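Asker: Sequence:
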Amino acid sequence: MIRTDALGGLPVRTALPALARALDDHGCAVLCAPPGTGKTTLVPPALAGLLDGPQDGTPVGAPGPGAAPGGLSHGGPVRRVVVAEPRRIAARAAARRMAWLLGERVGERVGFTVRGERVVGRDTVVEVVTTGVLLQRLQRDQELAGVDVVILDECHERHLDADTVAAFLLDIRATLRPGLRIVAASATTDVAGWSRLLDGAPVVQAAGATHPVEVIHAPPSRPVRPPHGMRVDPALLTHVASVVRRALAERDGDVLCFLPGVGEIGRVASLLDGLDAEVFQVHGRAPAATQDAVLAGAAPAGDGGPGRRRVVLATSVAESSLTVPGVRIVVDAGLAREPRTDHARGLGALTTVRVSRAGARQRAGRAGREAPGTVYRCWSEAEDTRLVPFPAPEIKVADLTAFALQAACWGDPTARGLALLDPPPAGALAAARSVLTAIGAVEPAGSSESATDGGRVTDRGARMAGLGLHPRLARALIDGARQVGVHRAAEVVALLSEEPPRSYGDDVAAVWRAVRRGGDAYAARWRQEVRRLSAAVSSRVERGERPDGAPYGGATEGGAAVGGRADAATADAGTADAGGHVGGRRGTEAHGGEAAGAGAAGLSDDAVAGLVVALAFPERVARARGEGAYLMVSGTAAEPAGASRLRGVPWLAVAVADRPATAATARIRLAAVIDEDTARSAAGRLRVTGEEVRWEDGDVVAREAERLGAVDLSVRPLNTPEPRLVRAALLEGLRREGLGLLRWSREARGLRERLAFLHRELGAPWPDVSDGALLARAGEWLEPELSAARRRADLAAVDGGQALRRLLPWASGEAARLDELAPERIEVPSGSRVRVEYGGPQPVLAVKLQELFGLRRTPEVAGVPVLVHLLSPAGRPAAVTADLASFWREGYRAVRAELRGRYPRHPWPEDPTTATATRRTNNRR
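The opening position of the sequence shown corresponds to residue 102 in my numbering, with each subsequent residue numbered one higher.
Keep in mind that the hints were calculated from the coordinates and are not lab data. For clarity, every value in this text was computed on a predicted model and none was experimentally measured. All C-beta atoms in this analysis are idealised placements derived from N, C-alpha and C, irrespective of residue type, glycine included. No incorrect hints appear here.
Label pairs and their calculated CB-CB ranges:
#1 G749 <-> A378: 46 to 54 Å
#2 D523 <-> G864: 41 to 49 Å
#3 T1019 <-> E862: 27 to 35 Å
Kindly generate the complete structure, drawing on both the sequences and the hints.
Answerer: Structure follows, in structure tokens:
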């Protein structure tokens, strides 16, 4: 029986008529409904026509009998609705809540499909799925046959899968099914942006919950360090724990505390040890039983009094589409985790960031779902105003390899035709497509007329996409199954598809052995994933195909097409959610699949683990290069933990590594031991051989080398390198270390300064002799010297001034005027030839004052007056002038008065313009 009393208390019911009209008129709508209004649990069954009113039979909240024919009003057929949630925990909870409202069990008219679990029946018309599941379903059935309405719930979170699903759905509406209805729903979304994306869809606003939430800012009493990478200041976690205790003392009800990750949850849980409350830890890896216990609410009170209070420590999985019964208090640490990818190094990691304003509102809303509540924010009110409005779209910061493969499978390799709120960054997409090309998932750029700037998906790539794995892991499973057997390859790939807890260690083979024996939640999920992957690949082997789909004896990488799913149930239950991990029914494990790995039985676990990891991450194959240090094929330095047994082994295949912003090397979190043969095999595409002549460590190095990317395999000296390569290396040395590699005498430096002066004052044809200009033309003015040089010492013998003269404008004849326009020396009235210094902004003539007697005007070079430094008889500066006539009239008298007593033997005439210049003293009397 429908629970009409519970339905009647959901505020979103007042928005249902407007929502139905928007979908009838436009086909798309944006639903903005605050937390606790019933957006997730009332709207889907209402749009499906499952909520008949108690009196007139009209669906609850739907338009009456006068609505437009064919719409979502009473009297029409029941429609199938698919609800896409970003997380498994929310999908399961939403389905169970809707089934409860209908008075049914999950799997009747309301069901769900998440990673490893599918509960639907033949009467199911409302199905809640993760966005990853829906994405895989769209790739198999681009019409989405039988589905009338798709609701994208919590679209404000901007997960990459959700954005991709929205783009695919809009493409379907535009080309195949204009009658497909789409609802973008959230409490805090960018309504204007989503409305534009959905072709100007109407925005339907639902009234907020009737329960107010009091906001209390509770910042730490002392400053804490901001988050950095995965690090959170322990002082903040201590403060969060104290705020939880304070909240329990000041307010009634259970506490929901938001923390950024599993490690922080464990730390705060330990700080709450001894608390008179039941503490739960909820995150994406938490067992389903723990999640169910949290959603079930507190145990009823016994005879002795009220039930025990609860504290739920949760990551952002508890932000959306989730009512935790009994919660009246939210404690928000103000932090979240977002993915970041270093595309240049091929390393990805999570980083800790401040929560957005939208996220903070979502979290606060958890406190007011059932009654008035309180949120304690562990930051100041001033900091609140500096929060970013929305979280960073995942498409802007994440690894786009899986997205690029999905787009290629959809038929749009460049993603330019997809309707996305934010376009993918060009560099990240190019890096993703490079990976896909390397593993044979897409054709090389330009290999087909229809994809000249980005390859079409290959049959191999389509099979990879259908496995519900990251393309790298799909490659490792497909190629690894041929070499080590289906089941063993599936076991290692399952380890890599969900990073094991840190307590398992950092050696993949050791982790593999431990998880086989393990009885924890991670081990259970791992076994489920192994069954799914083994079934997906073994089914092909049993049909006489190789694991990659090609017949035995046929093409290898990128071979023939193959059908690919065991059956419909496995296909749906075995598709990826937002985390990229899947599960399904138990299928064939080894059996015929093991035959695919010739000699697999003879390989140790260490060898198998190393091969599969290296196949997944060939650019992370690493060679030891010192005590505990490694160099990856990508060129990134890396190092395992100090106590790791991996330290010192010659070769590693790195599965998980991150590089903090301030660290010189990456940290190896998970890796497998391999040998050189495995490294050569897995990273063979990156192998290069040949002569190498380059500038290294301050000199020309010539050798014959074999490399895997940046890693040396074999190197031997090259005695007779090709002159062309030597010349290029010398030029590279000049670019790196500058023109100081040449010999610059005083005359050479003077010539360069004179040429710089003429270029500045007269321009062409006088050459630019700045460092940048000379380095750019080094191959021109240094040609003979470069042809003869072989090493740094040869450059040191080159006379820079002599070589520089080749740049003079000889062809025009102007070179002959160099000494006229910019003379090296100027003759002064005393007969001395005084050097002109051209190194400053104005030519300088430093000369003793008595040598200029009788000179009325300042000397000029190239029409520019020189700056005259007038020196005392001892050669010390006495005055500086660019106007000698003015100095004689106005400045000389003061200089004369100051110096004549100090230098009485030198002439100091009253009128220097008529006196005779001299280098000598007065005659003795």
